[in-house]
Amino acid sequence: MAGAEAYPRIVAALIRVTGDWTLAEDCAQEALVAAVQRWPRDGVPGNPGGWLMTVARNRATDVLRRATVERRKLRELAVLTDQHPTPDDPEDVVDDRLRLVFTCCHPALTLEARVALTLRTVAGVPTADIARAFLVGESTMTRRITRAKARIAAAGVPYRVPTGSALAERLPGVLAVLYLLFTRGYDADGEPAFADEAVRLARLLDELMPAEPEVAALCALLLFQHSRRAARRDAAGDLLTLAEQDRSRWDHAAIAEALTALARAERRSAPPPADSPSTTVPADSPSASARTDSPSASARADSPSGAARTDRPGPYLLQARIAACHATAPDAGRTDWPAIAHWYDELSRLRPTPVIGLNRAVAHGYAYGPAAGLALLAEARADGALDGHPPALAVEAELTARSGDPVRAALLFRAAADLVGSAAERRALLRRADGLTPPR
Amino acid sequence: MKYLMLVCTDTAPDTDPEAAPDIEAWVAERDGSGQRVLGSRLADVSAATTVRVRNGELLLTDGPFAETREVIVGFDLLECTDLDEAVEVARRHPMAYEGRLELRPLVDL
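Taken in order, these protein sequences are the chains called A and B. With UniProt numbering, letter number 379 in the first sequence gets 379, and the count goes up by one each step, no holes. With UniProt numbering, letter number 43 in the second sequence gets 43, and the count goes up by one each step, no holes.
The shape of chain B in the complex, shown without the other chains (with noise of 0.2 Å):
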């Protein structure tokens, strides 16, 4: 299964600042079992434009598209078995500590 990993700020992180495993670490190990297909970190969301057509006019608007103090800061695409595989991925993730990872399975057509 395919799941796309959304990368989120949190407002109450792990309180030891020194529990969370090293970023480079886990993209070398992940990319070399094949369990991640690709990810990125974002721009701030600042840069972020949302898009809409309403009664065919093009509507802009300066920022995401919802207002919260959790932000979505970066993404990866993972391609795991299962979900306790995806889970397994996520967890030693730095961002499970400091902030929340959402697992978000990708529909099979």
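Only chain A is shown next, with the shape it has when bound in the complex (with noise of 0.2 Å):
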């Protein structure tokens, strides 16, 4: 319905008069009740964001004249009357929205208060649900929410979207919340509980900082994710590896938008022309990209690495360019493993982490044979930070399995299966091990 895509925008213009965010969004919150009651009977509106910033805005001037509040706000309440937010409104309203997601994510909040404020107040996801998510109760929530927000006041977090070098040092981490919103947008079953609200986050952001390389591939990256999601499970409802998914049930609009994004990505990513003759990188090319070994690339690792036009793609564009090609691949054993394990060494060159390292062992593995991946997998392992970790045995059972010693494979994913916390992993696991020895 049109009030879900009317919602931020309508907080966030009241919140920029007004000040208060929790009238912001109990006005916003009651102008769509009143929608829901009203629509049905008297008809959609011709301008149904319009409508419904009316509707928001009269009840904000209602509460603030009976809480006797300064005129100053009053007056400016009235003007927002005549700014309906039409197609072709002023930047004003879009920088509105844009600035509550950047307030929202203010380094100076915790990442949790970050995450839990803006589901609420820029998604309007209700606060029940998103204690759900947290496996919280709902007065926790509450309390959670209601501290960010007294925070924002009396911190002096501004209600501003930074520019120049401060807005590439604050980039990564409001990117970082969309993708721990949408991680965390699965319910305890599985269930997509708001990933939809992440999705749509990431497009609004898209839409409204169109020079930003990475927020493009942001979307790209949760776009390919959320295609996935109708053929995840098995109807046990156990988790399917990308092998084993029925690649029919795979969402074909959403991909046809993740690759459109992409696209936008490579092109915002891309420096401009100069003496090279190919300066964009096609998304299936790991031969094109030897200049990011040059000592000038890897002297800027420290870099922010969200910041626009950098001559070496971002995290979000490396993990969506890998998301492209198991996105396009026809069939499992048809896909483009040596261009994804290319894209791995990219990422773990800018972000050295294990479970980076894990997934670069397996397209290596892939690629190059279960010797390359097992090599990749030591290194992975030096530092002892995968001791334990169920899906570091996995991966070496697989490798271990495909370099011709079913024996050992079959040990190891049961030692995986004892490890793992949830009873479907298990099973799966299991599975594999009585597939290549019977069980004990």
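It should be emphasised that the hints constitute simulated quantities derived from the structure, not laboratory data. This one's a predicted model, so the numbers in the text were calculated from it and none came from an experiment. Among the hints, erroneous ones may be present.
[As the list claims (entries may be wrong)] Cβ pair distances, simulated, as ranges:
{"id": "1", "chain 1": "B", "residue 1": "68", "chain 2": "A", "residue 2": "431", "range": "54 to 64 Å"}
{"id": "2", "chain 1": "A", "residue 1": "73", "chain 2": "B", "residue 2": "32", "range": "26 to 36 Å"}
{"id": "3", "chain 1": "A", "residue 1": "33", "chain 2": "B", "residue 2": "65", "range": "43 to 53 Å"}
{"id": "4", "chain 1": "B", "residue 1": "68", "chain 2": "A", "residue 2": "405", "range": "32 to 42 Å"}
{"id": "5", "chain 1": "B", "residue 1": "34", "chain 2": "A", "residue 2": "169", "range": "21 to 31 Å"}
{"id": "6", "chain 1": "B", "residue 1": "65", "chain 2": "A", "residue 2": "146", "range": "29 to 39 Å"}
[What the hints assert, rightly or not] So the derived list for chain A, only partly shown, Cβ under 7 Å to chain B, looks like this:
{"id": "7", "residue": "32"}
{"id": "8", "residue": "34"}
{"id": "9", "residue": "155"}
{"id": "10", "residue": "158"}
Just so it is clear, CB atoms sit at the ideal spot from N, CA and C, and this is done for glycine as well.
Could you use the hints to bring the two separately framed chains together as a complex?
If you want it as structure tokens, here you go:
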């Protein structure tokens, strides 16, 4: 319904004028309730967004009048009447929503508070739903959100989108909140609870920040992952690997949208045409990127990776390229593993974490054989961070099976099964072990 | 908004001793921009006196009110439009590297 699109716009505008987060949310919420009651009876108004804004603004005016707040706020509210959000609206309104996102994701708030506040205020997700996803009671979540709003006011967190170098510094944090919001957007049973909202927010941010490659890349990455939501589990509810999933059940409209977003990210990321004839790196070409090994590129490893127009791809662009390789493969056997292995090489240079090292080992195992995979796995495990990590054991088991040692592989699968938390994952690992050697 | 910036020591300073900017330049620049209202270094904690009145009796204690390994060694009163501006001022102070800074907004009455 039109209300869902209008919500952040209304909340953002009311916060800008009144500075009162709770009032803004309450009034936007009341406008949505009024719409649900009246539209079925009276018909949907010609400008639903404008109708909602008017109702919310009138409600805010009533509340403030009763509270006898300063005349300035009331005067500014009156002006909102004449600014119905229409497609060719002044940038003012667009900026409001972006301001809201950046304020909700301010680093002076805890990460938990940022995620909760973004869901509540920008996406309009009910507090009860947020509480369920974070496995806390509703009253706890209400307190957490209230405290975050109070902190914004008391600490002087600005209601503003940073510019210049401050934007480059802040944007990766905003994108991290959106990504976390997406991964946490599945409830305990793995059903998408507000993953849709995360995708919608990523689209909105992409629309509002048309120069940032990493924003388009995050949008693409979320859409690629979201496209598989109907195929992730079998009839018993067990998680399926990419190879096991029925690819006809992937959401092909979402994949098409993701590919478009990825192409946009590539265009934004490409340096302006210079002496080299090939400045755009195609998503499926690992050979085109030897240039990133140049000394100047590695010297920049510590610069904010979310910054626009750098000469090397950021972490979300690399992950989106990997996701695109999977999404466009007709079947698992025809996946472009050398390309994926290459993007993981770059990603692990940018973010040398054990989990990325593990995925890199998997990709090299498929691209260049199990021995190559096992060598990189040993490298990823060197600092001990993957000790007792079930996925690392499962990867070792898989590579060992393919290197022709089914007995050892089955032992490793059973060891991994002993360590995993969920019954579904455990069943899947034991199935693999039983396929190699009969059960003990 | 006014922020009291507490300048504190820290048990884990920045590893690069060359990275910290110069304090004289910081003071001159922030006084010039009007962002620093006033500020000072504090005498050693051994000179601190804690004062309480309980049941009508004056109680004086030698030393700071809390014994911690990190101590307040100075303060600055900042005048900034918001937290972002205060953070920009604070991050350029040498003690952001060698110690830590705490920004405490003043309650506007």
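Practice problem: Compare the structure with the hints numbered earlier in the document and write down the numbers of the violated ones, lowest to highest. | Solution: 4, 7, 8
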